[in-house]
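Peer 1: This is what each chain is made of:
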Amino acid sequence: MAELTYRDAVARGIAQEMARDPDVVFLGEDVAKAGGVFKATVGLYDQFGPLRVRDTPISEQAILGAAMGAAMTGLKPIAEIMFSDFFAVCFDYIANEFPKSRYMSNGQTKCPLVVRTGNGAGSRFGAQHSQSVENWCMMIPGLKVVAPSTPTDVIGLMAAAVRDPDPVIFFEHKSLYPMKGEVPDGEIVDALGTARTVRTGTDATILALALMVPRALEAAERLKVEHGVDCEVVDVRSLVPLDTQTILGSVGRTHRLFTVEENPRLCGWGAEIVSIVADEAFYDLDGPPVRITTPHIPLPAADILEDMVLPTVERIVERVQRSLGA
Amino acid sequence: MASKAGHAAVSMDRRGGINDDIGEEKRLELYRLQVVIREAEQRAFDLFLQNLVKGTSHLSLGQEAVAAGFAAAMQPKDLSFCTYRGHAHTLARGVPVEAVLGELMQRDNGLMRGKGGSMHLTSEPHGVMGSYAIIGAHLPIACGAAWRAQYKGDKDVSVCFFGDGTTNIGAFHEALNFAAVWKLPVVFVCENNLYMEYTPIGDVTAVQHPAADRAASYGLERIVIDGNDADAVYRAAQTAFAKARAGHGPSLIECMTYRHSGHSRADPAKYRPEGELEKWKERDPIKIYRERLKQFGIGDDQVAKIDADVRRIVDEATEACKAAPPPSTDILFTDVYADGGWAWRN
Ligand SMILES: Cc1ncc(C[n+]2csc(CCOP(=O)(O)OP(=O)(O)O)c2C)c(N)n1
Ligand SMILES: [Mg+2]
Numbered sequence: 000m001a002e003l004t005y006r007d008a009v010a011r012g013i014a015q016e017m018a019r020d021p022d023v024v025f026l027g028e029d030v031a032k033a034g035g036v037f038k039a040t041v042g043l044y045d046q047f048g049p050l051r052v053r054d055t056p057i058s059e060q061a062i063l064g065a066a067m068g069a070a071m072t073g074l075k076p077i078a079e080i081m082f083s084d085f086f087a088v089c090f091d092y093i094a095n096e097f098p099k100s101r102y103m104s105n106g107q108t109k110c111p112l113v114v115r116t117g118n119g120a121g122s123r124f125g126a127q128h129s130q131s132v133e134n135w136c137m138m139i140p141g142l143k144v145v146a147p148s149t150p151t152d153v154i155g156l157m158a159a160a161v162r163d164p165d166p167v168i169f170f171e172h173k174s175l176y177p178m179k180g181e182v183p184d185g186e187i188v189d190a191l192g193t194a195r196t197v198r199t200g201t202d203a204t205i206l207a208l209a210l211m212v213p214r215a216l217e218a219a220e221r222l223k224v225e226h227g228v229d230c231e232v233v234d235v236r237s238l239v240p241l242d243t244q245t246i247l248g249s250v251g252r253t254h255r256l257f258t259v260e261e262n263p264r265l266c267g268w269g270a271e272i273v274s275i276v277a278d279e280a281f282y283d284l285d286g287p288p289v290r291i292t293t294p295h296i297p298l299p300a301a302d303i304l305e306d307m308v309l310p311t312v313e314r315i316v317e318r319v320q321r322s323l324g325a
Numbered sequence: 000m001a002s003k004a005g006h007a008a009v010s011m012d013r014r015g016g017i018n019d020d021i022g023e024e025k026r027l028e029l030y031r032l033q034v035v036i037r038e039a040e041q042r043a044f045d046l047f048l049q050n051l052v053k054g055t056s057h058l059s060l061g062q063e064a065v066a067a068g069f070a071a072a073m074q075p076k077d078l079s080f081c082t083y084r085g086h087a088h089t090l091a092r093g094v095p096v097e098a099v100l101g102e103l104m105q106r107d108n109g110l111m112r113g114k115g116g117s118m119h120l121t122s123e124p125h126g127v128m129g130s131y132a133i134i135g136a137h138l139p140i141a142c143g144a145a146w147r148a149q150y151k152g153d154k155d156v157s158v159c160f161f162g163d164g165t166t167n168i169g170a171f172h173e174a175l176n177f178a179a180v181w182k183l184p185v186v187f188v189c190e191n192n193l194y195m196e197y198t199p200i201g202d203v204t205a206v207q208h209p210a211a212d213r214a215a216s217y218g219l220e221r222i223v224i225d226g227n228d229a230d231a232v233y234r235a236a237q238t239a240f241a242k243a244r245a246g247h248g249p250s251l252i253e254c255m256t257y258r259h260s261g262h263s264r265a266d267p268a269k270y271r272p273e274g275e276l277e278k279w280k281e282r283d284p285i286k287i288y289r290e291r292l293k294q295f296g297i298g299d300d301q302v303a304k305i306d307a308d309v310r311r312i313v314d315e316a317t318e319a320c321k322a323a324p325p326p327s328t329d330i331l332f333t334d335v336y337a338d339g340g341w342a343w344r345n
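For the record, the sequence lines run as chains Z and F. Going by numbering that gives the first Met the number 0, the first residue of the first sequence is number 0, and it counts up by one from there. Going by numbering that gives the first Met the number 0, the first residue of the second sequence is number 0, and it counts up by one from there.
One chain only, chain Z, in its complex shape:
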């Protein structure tokens, strides 16, 4: 066991896979010599050299296109898009190219690559450097989408993503980079498509992702101490594949569902999950499912404003308590 930041876990996860498989290569803007703008890839260039860890021009389409061409022909590239907001300038690859090639070619082509990206708010960067855009990717058949919340999950899900034969979009939360956690020694390999129950409880299920997981956990503690409400918290971790069994199982025990989503409200990931639960577990529910989200607005820059719109511990506590009438 060692204490590691989420940031250092990124480099360790990539290094673990690069050391294992010489076909794993890594490219992106400022990622090599500079170690990334978030310093999440420091050391990789020194360890693996300029042929495997490559700085690119500011050409997001070239980065993702090159990753795809390399993946189609035998490499296992990891591509960095510095901020997930920039997906909008290279979305063709994410929406049209990676996920459709195998299907359109009737199974002739493959696309085993990982796109890792800095996602989410909390840095006071304003509307074009703070978004949570997991749902942009979740809606596209052919992609897999994960968003880890702890250093250990970063390493384990990175390994799973690199080893996966499909294109995986890997959302790192920028505000989690400095967070520390205990990480086991040795190789860590996790599984895509698995949610994790991070707190057991009997009164309500709270689903959360990435930065919202520690907030949901803290809210659950306060709900227990201050209101006597015992919440189960599930870290969804993987939006595609989606571990609906863990979610439905939890709702079956607690009979109430809350989602805590950083994305703006419309078509957020929780909407899909709520619809699945409504479809398949309606009679398990003792009350309406509740989505706690960022309102449907662009994100403001000022700290006082940003803090008002992201789901906070206080808001989660208030909303759960109000819904349960506790």
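Think of the hints as simulated: they come from the structure by calculation, not from any bench. Take these hints with a grain of salt, some might be off.
Stated by the list, open to error - Simulated pairs of lysine to aspartate or glutamate, EDC-like, Cα-Cα distance not exceeding 16 Å:
id	chain 1	residue 1	chain 2	residue 2
1	Z	K109	F	E123
2	F	K151	Z	D20
3	F	K293	F	E24
4	F	K286	F	E38
5	F	K151	Z	D306
6	Z	K109	F	E38
7	F	K182	F	E220
Stated by the list, open to error - Label-pair distances were calculated between CB atoms; the ranges are:
id	chain 1	residue 1	chain 2	residue 2	range
8	F	A342	Z	A87	22 to 30 Å
9	Z	Q244	F	T328	22 to 30 Å
10	Z	D54	F	V206	26 to 34 Å
11	Z	M138	F	K293	53 to 61 Å
12	F	R344	Z	P56	32 to 40 Å
All values reported here derive from a predicted model rather than from experimental measurement. C-beta: ideal position from N, C-alpha, C; glycine also.
Dock chain F with the ligands against chain Z, hints included.
Peer 2: Just chain F with the ligands now, with coordinates in the frame of chain Z:
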């Protein structure tokens, strides 16, 4: 329209006689490939008129020499990246006519059994790594395949075909710079057929030669060739491939050519100035090449035999496609993910 390079090559041939740099065997291959494309594309058009080709289709009638010239210079392991106007490049790599027509006709014998359609012809075993219908998307992808070759020490070249209109999209410029700074073994081939869909390229482009006049921005040589002369294309391809294989990086080649049919399907191409098509038909690549074969002493009988042979193949392919069933619906949910299925949840 024909460049100096093209004319110089022809006159050199005359002097060289039949022991020239290309040789009889390669010339017959170049001719045959062009005829295969001509006959198959013409058949695709006829089948469209009979309502047997569904969806859209973009023909390369008139542009056969580009596809033939590059394919004839490629090694089996070299990779082709095509656009929606990709039937020609797919056929040129040796994909059977039946598989191509079958895909256009959306039959079970189609190259992708109807899951891709005319715009996405792909045949991995032939090195046809896909046909891409989003303008410019495949230039970066070709860079990536070339990066793999560079990284692994493989000697194959990635060849990326696209139109004049494609030179005005960002991905073109990103890919050219990327390939140049990484010195990738990729060859970018611009088929300048003078038009986007319906708008003349000159109306919307700041330079006269949309690809070649941008080459200097990426430290590349300015290359414009006669894209209707298969020999000129073949020679330019050989030079670029040798450069790529030697580790000297990418090339950008602008091939001047013209499409005889409309942009797609039943586009009557009313936007063309009067006489333009006729002028270009005088420079029909197949006509040019028949004359070329004659210059090098290749007999009419050999030419006629190739013509008849190809026509028979296309006829047989047509009949096989007409007889083929539509795709079986059990492929609907296959190959979304690598496990063969489409499951997104447990
Ligand atoms: C990004 C994008 N924009 C527009 C289109 C629509 N479109 C399809 S073909 C075409 C013309 C392309 O012209 P050119 O590159 O010269 O190729 P050609 O069709 O002449 O072979 C256009 C605009 C598209 N498919 N993708
Ligand atoms: Mg054109």
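Peer 1: Now, for every hint given, state plainly whether the structure supports it.
Peer 2: Structure-based check of all given hints:
In summary, the hint linking Z:K109 to F:E123 is supported, as the alpha carbons are separated by about 10 Å, within the 16 Å threshold. Annotation: proposed proximity of F:K151 to Z:D20 holds, straight-line Cα distance about 13 Å (limit 16 Å). Annotation: proposed proximity of F:K293 to F:E24 holds, straight-line Cα distance about 14 Å (limit 16 Å). In summary, the hint linking F:K286 to F:E38 is supported, as the alpha carbons are separated by about 14 Å, within the 16 Å threshold.
Simply put, F:K151 and Z:D306 have alpha-carbon atoms about 49 Å apart, too far for the 16 Å limit, and the pair is violated. About 32 Å separates the Cα atoms of Z:K109 and F:E38, which puts this hinted pair outside 16 Å; it is violated. Between the alpha carbons of F:K182 and F:E220 the distance comes to roughly 14 Å, so the proposed pair stays at or under 16 Å and holds. As the Cβ distance of F:A342 to Z:A87 is approximately 29 Å, the hint placing it in 22 to 30 Å holds.
As the Cβ distance of Z:Q244 to F:T328 is approximately 29 Å, the hint placing it in 22 to 30 Å holds. Between Z:D54 and F:V206, the C-beta spacing of about 30 Å keeps the proposed range 26 to 34 Å intact. At roughly 59 Å, the beta-carbon separation of Z:M138 and F:K293 lies within the given 53 to 61 Å, and the hint holds. One distance hint, 32 to 40 Å for the beta-carbon pair F:R344 and Z:P56, holds here, with the actual separation near 38 Å.
When held up to the earlier numbered hints, the structure conflicts with 5, 6 and fits the remainder.
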